[in-house]
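Letter by letter, the chains look like this.
Protein chains: 2
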Amino acid sequence: MPPETAIAMRPIGVIRTPYAALEGMPIQPGGARESLGQVVLDPELAPALADVTGFSHVYLLYCFHQSAGYKTTVTPYLDDTPRGLFATRAPKRPNPIGLSVVEVVSVEGNVLTVRGADMLDGTPLIDIKPYAPAFDAPAGPVRSGWLEGRGQTVGDTRSDDRFVGPD
Amino acid sequence: MPPETAIAMRPIGVIRTPYAALEGMPIQPGGARESLGQVVLDPELAPALADVTGFSHVYLLYCFHQSAGYKTTVTPYLDDTPRGLFATRAPKRPNPIGLSVVEVVSVEGNVLTVRGADMLDGTPLIDIKPYAPAFDAPAGPVRSGWLEGRGQTVGDTRSDDRFVGPD
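So the protein lines, in turn, are chains A and B. So in UniProt numbering, spot 72 of the first sequence is number 72, and the numbers just go up one at a time. So in UniProt numbering, spot 93 of the second sequence is number 93, and the numbers just go up one at a time.
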């Protein structure tokens, strides 16, 4: 793609979580089910949180702000075989965007409190979207490739240093 | 957020779909279940598609490239009441990122063919992530707020001109 098509995103808030360091973090919301996080939005966006508490879950889109660079093949936390990057959720990606489904707890002013926040404290927020099965639950049978059968270990697995810092 | 924290994203490919105009499109993958789309990646990223066909579904993250501006309150396609922007999937957002769960059909070289591509032809791709119930299926009961009970109409609803062009 020509560089002139670059897309400028801006952080619209910050995510506060109990996780201050990249090592030893949960690797997915399943490992942080009980962790409360606070999404502190830019105050002028507070009205956009109306109706959010009607939803049990939302997507948080955010920037992996401590990741830089990427490789097209990576060895994920839950496997010991190299996999294509787009078959993994590794944070080092061409565009370092993270995606987590979290549970909505409450909204107060410009602060959305959620359960299951698995990201680093201070993570820049990019977007919030409501989770709706009508849109988001796959139709038909689901196959999880190399992750099949490894889901049970998500909650117990913690990050190490493999995705820390630039390549 | 101070402007110096702006995040530069770059398109990593383009999504080819049958939908050439913003009006009359499906509003979600549910309205495009049978629509085949082709995700044409930058050729150097082809190795990152390894292992993707093990997954039945992936998330596509992309840019709503024909949307500009936003309002904190919008009236969505499936409702006639204004709702907080973050309780909707409307394309006009502070960061115009779209998210769709699509079915993986095949991978050939740098081209990923998917079913359920509900985005505009020529949409810039930002990321591909595997869908895994262990990460992405909400734990516990799901509530869909104002969307509750409206899911059945997603497949029949088409876009109009309300989100076309800048505000």
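These aren't lab readings, by the way, just hints derived from the structure by calculation. Keep in mind that a hint or two might mislead.
A pair counts as met if it fits within one copy or between any two copies, since identical chains are not told apart.
[Said to hold, decoys possible] Simulated pairs of lysine to aspartate or glutamate, EDC-like, Cα-Cα distance not exceeding 20 Å:
(1) K92 with D80
(2) K92 with E108
(3) K92 with D121
(4) K92 with E148
(5) K71 with D42
(6) K71 with E148
(7) K71 with E44
(8) K92 with E44
(9) K92 with D161
(10) K71 with D161
(11) K92 with E23
(12) K71 with D121
(13) K92 with E34
(14) K71 with E34
(15) K92 with D79
What you are looking at is a predicted structure, and each value in this text was computed from that prediction instead of being measured.
Here is how each hint holds up against the structure:
1. K92 with D80: within (17 Å within a copy, 41 Å between copies)
2. K92 with E108: neither (33 Å within a copy, 24 Å between copies)
3. K92 with D121: For K92 and D121, the Cα distance is within 20 Å only inside one copy (18 Å; across copies 28 Å).
4. K92 with E148: neither (22 Å within a copy, 36 Å between copies)
5. K71 with D42: between (33 Å within a copy, 14 Å between copies)
6. K71 with E148: Classified as neither: same-chain Cα gap 23 Å, cross-chain 41 Å, threshold 20 Å.
7. K71 with E44: between (38 Å within a copy, 11 Å between copies)
8. K92 with E44: between (31 Å within a copy, 16 Å between copies)
9. K92 with D161: Close inside one copy (12 Å), not across copies (37 Å); limit 20 Å.
10. K71 with D161: within (15 Å within a copy, 40 Å between copies)
11. K92 with E23: within (15 Å within a copy, 36 Å between copies)
12. K71 with D121: Answer is neither: 25 Å inside a copy and 28 Å across each miss the 20 Å cutoff.
13. K92 with E34: For K92 and E34, neither the intra-copy (26 Å) nor the inter-copy (32 Å) Cα distance is at most 20 Å.
14. K71 with E34: Neither, since 32 Å and 33 Å both go past 20 Å.
15. K92 with D79: within (17 Å within a copy, 38 Å between copies)
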